[in-house]
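J.: So the chains spell out like this:
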Amino acid sequence: MAGFISWYPSKTDLKIPVISSQISCQDTVGSWKARWDFGRMSYIVPPGLYALGSPDENSHVVVTANYKMTYDLVRKALAGRDLWLLVLETYGINVWCAAGKGTFGTGELVRRVGAVRLSEIVTHRELILPLFGAAGVKGIEILRRCGFKVRFSTIRIEDLPEFLDRGKASGNVRELTFTAYERVILTPIELQTALRKAGPFLPLLFLAAGFFNGSFSLHHAVLALLAYFAAVISGAFISPLLLPWLPSPAFSIKGGVTGLVIGSFFSYLAGVVSPPLFAATTLMIAAFSSFLMLNFTGSTPYTSRSGVKKEMRWALPAQALCLVTGFITILIWRFL
Amino acid sequence: MKGFSYLKGVSTLALDRGICTGCRICTEVCPHNLFYVAGGKAEILDTDLCMECGACALNCPAKAITVDAGVGCASGMINEWLASFNIGKKSRTGCC
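Protein chains in written order, with my numbering: chain A, 1 to 336; chain W, 1 to 96.
These aren't lab readings, by the way, just hints derived from the structure by calculation.
As the structure is a prediction and not an experimental result, all values here were calculated from the model.
Keep in mind that a hint or two might mislead.
[To be verified] Below, computed lysine-lysine pairings styled on DSS-like, alpha-carbon distance capped at 25 Å:
1) W/41 to A/168
2) W/8 to A/168
3) A/309 to A/197
4) A/168 to A/76
5) W/63 to A/149
6) A/168 to A/149
7) W/41 to W/63
8) A/309 to W/2
9) A/15 to A/76
10) A/197 to A/33
11) A/310 to W/8
12) A/310 to W/2
13) W/41 to A/149
14) A/197 to A/149
15) A/309 to W/8
So here's chain A without its partners, still in its complex pose (with noise of 0.2 Å):
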């Protein structure tokens, strides 16, 4: 296990892990396939009680979930303490969206509490949970079931710390950011998915655009896959980049138009020099941009369910419509 150094000497016949705080170059390598998607579903640790330092039982209890990248990070950014570490089973997911699903929730909270026996472990009676947790664990509830103080602390890991010592969050503490790193290190996932999911069909499109003109154009075979590339830029990558300096707060719309742009660049640098073929190219590249973009709100911390299904009723139609237009602007070129 990861960061494992002990048992923890317990009064109880309770195995209680002893975990270190220093990450080494495997958990970093491990963070990274991570957000490349490279077993992030099984990037795990075992849920239950660890012991950060030499905790009493006067320390703090801070709650956190069983993905690894959440694990490390916690441990990490509470370096130097004694505190107790309680990982709730959220089957490998980071506490958001776990929150969300009701994994990261109260009836997990209480079984925990209780497989864990927290109770004669500490004589204090509060948990310390991430802010982002409140949306799937009902603090008044936890209260009554089990007898523990919920405090919802900060949203960030790194300002925990603070929290622990100051006892409160300050009003910074508690304002969300999504800054340009905070949104690029979210792509490789995205780019990734993208490029898996079409997976199955890029052989298909690079076959349709070689044989496009009847023998094999090893030349219209790869700017076909060139073309879906630079969509999944645009959309994946691009677009999330420039997020909040594009226009109109919807996501499809911004992808749109990142797309028709870097879509322009593309069929002006493989020469498309036909006005129809050039705009069908721009704009299918536009549409899957603008998919791709669409997606992108499930990594955002501010999108509402209700505005993503707005959004999606009228933006999903306006996307395929744009790529069988462009489908049928190619084939109508090709055959008249």
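Once you have looked at the hints, place chain W on chain A.
T.: Chain W only, in chain A's frame:
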């Protein structure tokens, strides 16, 4: 949240001030700091900034807050929709 806002006029967040007890729990759990208490009752700063996470409604002891909570995630909704037609992997009906 500075510099970011999504579609306006769609949020389902609602507060019944009549039954609000002014306990301030909503001010502690909202990640967007959308609640404040005035005159012993909660007030919503701007419903358009709500991301419908549901933390306030879940934790409100008086049940004064309602919201159609859920994660605003297009791929998750598409997967749910496909799963309802038995298409795609059933084990991954969400976005993550």
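J.: Are any of the numbered hints broken by this structure? If so, which, sorted upward?
T.: Hints 2 and 14 not satisfied by this model.
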